[in-house]
Amino acid sequence: MRARTNWEIVCTVDDLVPESGVAVWTEDGPVAVFYLPHRLPALFAVSHTDPFTGKNVLARGITGDLKGQPVVASPLYKQHFNLQTGQCLEDEAVAVKTYPVLLDGNNVRVEIPAANKESVAA
Amino acid sequence: MSKKTLIVIGNGMVGHHFLEQLVTTPAAADFDIKVFGEEKLLAYDRVHLSEYFSGSTHADLAMETADWYAENDIDLHLGEQVTGIDRDKQTITTPTAYYSYDELVLATGSYPFVPPIKGNEHPHCLVYRTLEDLESIRASSEGAKTGVVVGGGLLGLEAANALKSLGLDAHVVEFAPRLMPVQLDTDGGELLKRKIEELGVQVHTEKATTEIIEGADARLRMNFSDETHLETDLIVFSAGIRPQDALARASDLAMGERGGIIINDQCTTSDPHIHAIGECALWSERIFGLVAPGYTMARTLASVLNGDQEAAFTGADMSTKLKLLGVDVGSIGDAHGQTEGARSIRFNDEQAGHYRRMVISEDGKKLLGAILVGDNSHYDTLLQYALNEIKLPQQPETLILPESQGGAPTLGPDALPETASICSCHNVSKGDICGVIDAGCSDLGSVKSETKASTGCGGCAALLKNVVDSELEKRGVEVSKDICEHFPYSRQDLFNIVKVNGIRTFRTLIRDHGKGHGCDICKPAVGSILATCWNEHILATDHVPLQDTNDTFMANMQKNGTYSIVPRIPGGEITPDKLIVLGEVAKEYNLYTKITGGQRVDLFGATLSELPEIWEKLIAAGFETGHAYGKSLRTVKSCVGNTWCRYGVQDSVGMAITLENRYKGLRAPHKVKMAVSGCTRECAEAQSKDFGVIATENGWNLYVCGNGGMRPRHGDLFATDLSDEELIRTIDRVVMFYVRTADRLQRTSVWMENLEGGLDYLKQVVLEDSLGICEELEQHMADLVGTYQCEWKTAVEDPEKRKRFREFVNAPSKKDPVQQWTTERDQRRPLLEGEPA
Ligand SMILES: Cc1cc2nc3c(=O)[nH]c(=O)nc-3n(C[C@H](O)[C@H](O)[C@H](O)COP(=O)(O)OP(=O)(O)OC[C@H]3O[C@@H](n4cnc5c(N)ncnc54)[C@H](O)[C@@H]3O)c2cc1C
Ligand code: HEM
Ligand code: SF4
Ligand code: SF4
Ligand code: FES
Chain A
1 MRARTNWEIV
11 CTVDDLVPES
21 GVAVWTEDGP
31 VAVFYLPHRL
41 PALFAVSHTD
51 PFTGKNVLAR
61 GITGDLKGQP
71 VVASPLYKQH
81 FNLQTGQCLE
91 DEAVAVKTYP
101 VLLDGNNVRV
111 EIPAANKESV
121 AA
Chain B
123 MSKKTLIVIG
133 NGMVGHHFLE
143 QLVTTPAAAD
153 FDIKVFGEEK
163 LLAYDRVHLS
173 EYFSGSTHAD
183 LAMETADWYA
193 ENDIDLHLGE
203 QVTGIDRDKQ
213 TITTPTAYYS
223 YDELVLATGS
233 YPFVPPIKGN
243 EHPHCLVYRT
253 LEDLESIRAS
263 SEGAKTGVVV
273 GGGLLGLEAA
283 NALKSLGLDA
293 HVVEFAPRLM
303 PVQLDTDGGE
313 LLKRKIEELG
323 VQVHTEKATT
333 EIIEGADARL
343 RMNFSDETHL
353 ETDLIVFSAG
363 IRPQDALARA
373 SDLAMGERGG
383 IIINDQCTTS
393 DPHIHAIGEC
403 ALWSERIFGL
413 VAPGYTMART
423 LASVLNGDQE
433 AAFTGADMST
443 KLKLLGVDVG
453 SIGDAHGQTE
463 GARSIRFNDE
473 QAGHYRRMVI
483 SEDGKKLLGA
493 ILVGDNSHYD
503 TLLQYALNEI
513 KLPQQPETLI
523 LPESQGGAPT
533 LGPDALPETA
543 SICSCHNVSK
553 GDICGVIDAG
563 CSDLGSVKSE
573 TKASTGCGGC
583 AALLKNVVDS
593 ELEKRGVEVS
603 KDICEHFPYS
613 RQDLFNIVKV
623 NGIRTFRTLI
633 RDHGKGHGCD
643 ICKPAVGSIL
653 ATCWNEHILA
663 TDHVPLQDTN
673 DTFMANMQKN
683 GTYSIVPRIP
693 GGEITPDKLI
703 VLGEVAKEYN
713 LYTKITGGQR
723 VDLFGATLSE
733 LPEIWEKLIA
743 AGFETGHAYG
753 KSLRTVKSCV
763 GNTWCRYGVQ
773 DSVGMAITLE
783 NRYKGLRAPH
793 KVKMAVSGCT
803 RECAEAQSKD
813 FGVIATENGW
823 NLYVCGNGGM
833 RPRHGDLFAT
843 DLSDEELIRT
853 IDRVVMFYVR
863 TADRLQRTSV
873 WMENLEGGLD
883 YLKQVVLEDS
893 LGICEELEQH
903 MADLVGTYQC
913 EWKTAVEDPE
923 KRKRFREFVN
933 APSKKDPVQQ
943 WTTERDQRRP
953 LLEGEPA
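Chains A and B supply the protein sequences, listed in that same order.
Letter by letter, the first sequence follows residues 1 to 122 of this note's numbering.
Letter by letter, the second sequence follows residues 123 to 959 of this note's numbering.
No lab work stands behind these hints: they were computed from the structure.
Note that this is a predicted model, so its numbers are computed, not measured.
Ideal Cβ positions, reconstructed from N, Cα and C, are used throughout, including at glycine.
Now the in silico label distances, taken between C-beta atoms and shown as ranges:
| # | chain 1 | residue 1 | chain 2 | residue 2 | range |
| --- | --- | --- | --- | --- | --- |
| 1 | B | Asp-664 | A | Pro-41 | 21 to 29 angstroms |
| 2 | B | Thr-577 | A | Pro-41 | 48 to 56 angstroms |
| 3 | A | Thr-85 | B | Asp-197 | 56 to 64 angstroms |
| 4 | A | Pro-41 | B | Glu-186 | 53 to 61 angstroms |
Each computed DSSO-like pair below joins lysine-lysine, with the alpha-carbon atoms no more than 27 angstroms apart:
| # | chain 1 | residue 1 | chain 2 | residue 2 |
| --- | --- | --- | --- | --- |
| 5 | B | Lys-681 | A | Lys-97 |
| 6 | A | Lys-97 | B | Lys-936 |
| 7 | B | Lys-925 | A | Lys-78 |
| 8 | B | Lys-923 | A | Lys-78 |
| 9 | B | Lys-681 | A | Lys-78 |
| 10 | B | Lys-793 | A | Lys-78 |
Bound-form chain A, shown alone:
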């Protein structure tokens, strides 16, 4: 039996770009990891896939805050997504998947849900 969850190492601190995102490939597909050093927490991970177009681009969007929420703007058509909840600010029915993320020494770990882990492994 596998563990219920899997904290996958996706990159190191040196790979991160302050106030911006990088894309990583995980067993759950492409994930965008954002590093906003002036916030607490400073790390966020959401799916890299823009739900409006299906293209893998979200890590390349501009970050910031709107009404206090940390957000990224899709680089394609500029919709904003809350980095904590994944909720799209322009369209209530749309959200991106979010992932728990933490710093483990020099490593950045993203938690990949078990079900996916297993289906990928199978």
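The hints should help you fit chain B with the ligands onto chain A, whose structure is shown.
Here is chain B with the ligands on its own, set in the frame of chain A:
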């Protein structure tokens, strides 16, 4: 009680305005309304007729839609000419039917006067009044080289401009000794002639045409009474207008000696049930050939039909402010000084090409009239003095002297009385504006839609803005120019804060002058400001997160997440060797290849990680980044110029390359485009660019603030016959002033339209250095030119920066699986949504 019938003959500007007024009044309920228009098209804005040649359609020019007529229960008969009036039976006739009326309104306008010259019925002899006329002119211009306008008045010069814009060599033939004899005096007319000739329109004054015959080299030949002649392919007659009064004449209404339907102050003719308004009406022995007086008549008549005993038309101001072929002309009130005892003060700067004349009353207290040529910046102030009889200052000449010679500043909106007329087209006074502001209007847009001010000829736009701004300010209304929720400042404010405080990072700026963490609005805007001020690499650690994705990766993201690559090809000139390199690189990376409208080559479909590799190869072959991703200079388009072209008078390619290399990389509020043409044929379409340069025999003419796109705008002629150095210096100043003062994402065209004082103000700042900042602007530009670096070169050479181009930082060899491809016309392109692979 059954309804009465009101019939309006003529669906032109004034007839339409009358209906627009009437339907808002109680009397509208008393009438069944019918309108007859001879033209097939719904009433349109004739004042802006010429815009038809620059792309406006009837729909753009139309005053209203057919739906509006339906909603207001107005029975509209277009393309149905009224052919007779029976006053006894109170009926009108059209070719198809009879209709009865209780009240009849004649709004038949006027028709162009065609002088009785032998041969004037030739099919290439045309007039300039309706959209149909313009269609005929366009058709006639096909295959034509030369066009002549007969008549050097206001409309004639406008027609000449139209011929020029159709690519013809334009001539104006005027019977009088000067242009615009009605509005201008000898000196003014002379200067206008000189300026217009500089623009390539030939003016022939004191010419009487005796006959038009078949030409030898062109379609037609005009013979003049002085034995000279002129050959041309088409002729447009614009020798004045005549009131369209045929119907009235046939039904024996009282007429003026030289035509026109006589009306009293209530706009009623000699028949109490027949009224006349607009250009067909003769009031106090005068015909009014402008739209504003016609509108005033329309409003008067609407009130009269509502039983208003006081309503009266009492004449109208015939002052005009125009831009003819790009030359400012203004004429106010008694321009010729015909009032008894009137005296004149003249200011004539032949060097700058500015002529101003004031006509003042005998006692020196009142301004009676004025003439302006070359510069209309004094028009609004002078008009207000004249219309409101404001007492002139002790030394009235200060009103027309340049400020550097002790000239008075323009009249501020506060100095105007409540009764001051701001918009004469729609009869809006300063009091009316204050009224709607008090009733809740809190910005320019709502004041415009509430009062209609500035929606007629547009001449009052700058003044209206001043009045509205000053009134809002007085009421403590802050017009919010905040860029976003993080900064309570406009882009211009931020620019000054950054510059003055020497701020070099976004972090410092938001900490000291804003709040929160920023967003996709303020970050790129500040990124651009920082780049303009300090010119540091956009991928420096502090600046990376500010950039739009296109700037971050120095390439434009396409719909499938891949990027395009556009190397700079200055002026569109490229060696065969470089062209081969482009081909080889494109082939190696399987890039879709297309020639852009900016005279260079766009390579599509590169993945993030391929970008630095591709650029490395391009840079090695001598290419630089083309900044196709940036809000910065795109390209300087050029024609082939005098090196090869038979017509060229200057080296347009050489100048385009110089300009492109000078301004490349400069970060601006929005993209900037330029072009250089080697002669007036304008093959590079320079007038549609932010900066357009057209070669002349003596140097270069500079046009500024043109635009293509959704709202095309021809550039305004800014300066003429400049040397290379003068040209570059002038562009330096305008560019820098734009970069410093424009709003975020504001193209030069909108920027200029929003500058208080518009083009004239910009000319003062740049050509006369009225703000004393030109040296600083030039220095700033020089610093930027001196610190230019090819961003791609710096990036590929720096391993840290290259790290940003990893598609997945933990899986260098991973290909993005959502990018799927197919082949079309022998090239690779992304698979569309739902398209089978
Ligand atoms: C190129 C151009 C530029 C101009 N620029 C300016 C400017 O800058 N400023 C300014 O103030 N003014 C300008 N004018 C003048 C302005 O357009 C006129 O003053 C205004 O259009 C007059 O309106 P109107 O309704 O009296 O006449 P029109 O607009 O001419 O309307 C009359 C209508 O009646 C129709 N008609 C005539 N006889 C009959 C009939 N028997 N049965 C049915 N229909 C009939 C005609 O076909 C026409 O459509 C310009 C005019 C032109 C042509
Ligand atoms: C909001 C409006 C516009 C948008 C969003 C837009 C977008 C773009 C983009 C993304 C490109 C780059 C293509 C690439 O390399 O990936 C481009 C190129 C170009 N566009 Fe536009 N465009 C706009 C308006 C215009 C207008 C108004 C014109 C012309 C009148 C125009 C003319 C061009 C030309 C000539 C190019 C090629 C430029 C070059 O060689 O670098 N665009 N446009
Ligand atoms: S603009 Fe003049 S010089 Fe340039 S290509 Fe056209 S005709 Fe030749
Ligand atoms: S016109 Fe439209 S589709 Fe064509 S390049 Fe410009 S933005 Fe894209
Ligand atoms: S004066 Fe013509 S629109 Fe105001």
